[in-house]
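Q: Sequence:
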Amino acid sequence: MPKLNGWEAYKMMKEADSNVKAIFATGFISPEIEAHLDTGELSAVITKPYTPSEMRKKIATALHKSTGSLTLAPPMDENP
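Numbering (this note's numbering), first residue to last: 4 to 83.
The set of hints was computed from the structure by calculation and includes no laboratory data. Heads up, some of the hints might be wrong.
To be verified - The list that follows gives simulated cross-link-like pairs (lysine-lysine, DSSO-like), each with its CA atoms no further than 27 angstroms apart:
#1 K24 / K61
#2 K24 / K6
#3 K61 / K14
#4 K60 / K14
#5 K17 / K60
#6 K68 / K17
#7 K51 / K68
#8 K24 / K60
#9 K61 / K17
#10 K17 / K6
#11 K51 / K24
#12 K14 / K51
#13 K24 / K14
#14 K17 / K51
#15 K68 / K24
#16 K14 / K68
#17 K6 / K51
#18 K61 / K51
Please read all numbers here as calculations on a predicted model, not as lab measurements.
Could you put together the complete structure from these sequences and hints?
A: See below:
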């Protein structure tokens, strides 16, 4: 992003809506992100490179944490 990094964008979104959920996709987990993940503030982190299946699992986990229920979509094709 030209003016904000992902963490800064997340903080702005969180200020606008304290209920916002985020999954960070990154090649490097900074200590700041790791600390907020440990406290449960962040929904999930997925490291690059990742597959559609891995992303689907992270989304399902984040939704489960958020709502207490788990509803999964049909499996996605790994090779679109």
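Q: Does each hint hold? Answer for all of them.
A: Okay, the hints, checked on the actual structure:
1. K24 / K61: Given pair K24, K61 holds - Cα atoms ~12 angstroms apart, limit 27 angstroms.
2. K24 / K6: holds (21 angstroms)
3. K61 / K14: holds (20 angstroms)
4. K60 / K14: holds (24 angstroms)
5. K17 / K60: Holds, at roughly 23 angstroms.
6. K68 / K17: holds (17 angstroms)
7. K51 / K68: holds (22 angstroms)
8. K24 / K60: holds (15 angstroms)
9. K61 / K17: OK: K61 and K17 at ~20 angstroms, within 27 angstroms.
10. K17 / K6: Roughly 18 angstroms between the alpha carbons, so the hint for K17 and K6 holds.
11. K51 / K24: Cα-Cα ~19 angstroms, so holds.
12. K14 / K51: holds (22 angstroms)
13. K24 / K14: holds (11 angstroms)
14. K17 / K51: holds (24 angstroms)
15. K68 / K24: holds (10 angstroms)
16. K14 / K68: Between K14 and K68 the Cα gap is close to 20 angstroms, so the pair holds against 27 angstroms.
17. K6 / K51: Answer holds: K6 to K51 is near 22 angstroms, not above 27 angstroms.
18. K61 / K51: holds (13 angstroms)
In terms of the numbered hints stated before, the structure departs from none.
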